[in-house]
Amino acid sequence: MRVILFLVLSLSACASPAPQFLGATRHDITLDGIRFAVFQKPHEAEVIRLGYLTRRERMAVPELMVIAAERTTGCRAIPNSLRSRIPGDTGEARLSLRCPPG
1 MRVILFLVLS LSACASPAPQ FLGATRHDIT LDGIRFAVFQ KPHEAEVIRL
51 GYLTRRERMA VPELMVIAAE RTTGCRAIPN SLRSRIPGDT GEARLSLRCP
101 PG
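Position 65, counted from 1, in the sequence shown is what the UniProt record's numbering calls 65; the numbers after and before it change by one each time, with no gaps.
One thing to keep in mind: the hints can contain errors.
Claimed, not checked - Between beta-carbon pairs, the in silico distance windows are: (1) Thr54 - Pro100: 31 to 39 Å; (2) Tyr52 - Pro100: 13 to 21 Å; (3) Arg55 - Leu22: 14 to 22 Å; (4) Leu22 - Ser81: 17 to 25 Å; (5) Arg55 - Pro19: 14 to 22 Å; (6) Met59 - Ala18: 18 to 26 Å; (7) Gly23 - Leu50: 29 to 37 Å; (8) Thr54 - Ile78: 17 to 25 Å.
If you are wondering where the hints come from, they were derived from the structure by calculation, not from laboratory data. Positions of the beta carbon are idealized from the N, C-alpha and C atoms, including for glycine.
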């Protein structure tokens, strides 16, 4: 039992991007006590929530994912572009970015 608990806790601190985001720039940020890893490509980002949250705590996560992407990349999220591969999942999402030139 302790081995399983150790593995769960160890893996919950890790964040690996989807294959499409391998080699992307990684940014880490904490917002409202929730940790996120943001993987940035030129015009899109993948945001991964780190750690466990209760159902109630997850309600604010989609909005925080947008904020995390904007603050770490310096880009603006394109409105309504936040998408999760699993509908309703707050563990991972992707969004399109509008970045300043240069």
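Distance restraint hint 18 to 26 Å, applied to the beta-carbon atoms of Met59 and Ala18: holds, 24 Å
Verdict for Tyr52, Pro100 (Cβ pair) under range 13 to 21 Å: violated, 36 Å
Whether the CB-CB distance between Arg55 and Leu22 falls inside 14 to 22 Å: For Arg55 and Leu22 the Cβ distance comes to about 31 Å; the hint is violated.
C-beta pair Thr54, Ile78: status relative to the range 17 to 25 Å that was hinted: 30 Å Cβ-Cβ, so the 17 to 25 Å window is violated.
Cβ distance range 14 to 22 Å for Arg55 and Pro19, holds or violated: 29 Å Cβ-Cβ, so the 14 to 22 Å window is violated.
29 to 37 Å as the expected CB spacing between Leu50 and Gly23, which holds or is violated: This hint is violated: roughly 20 Å between Cβ atoms.
Status of the given 31 to 39 Å range, CB of Pro100 versus CB of Thr54: holds, 37 Å
Supplied distance hint 17 to 25 Å, evaluated on CB atoms of Leu22 and Ser81: holds, 21 Å
In the structure shown, a violation is registered for the earlier hints numbered 2, 3, 5, 7 and 8, in ascending order.
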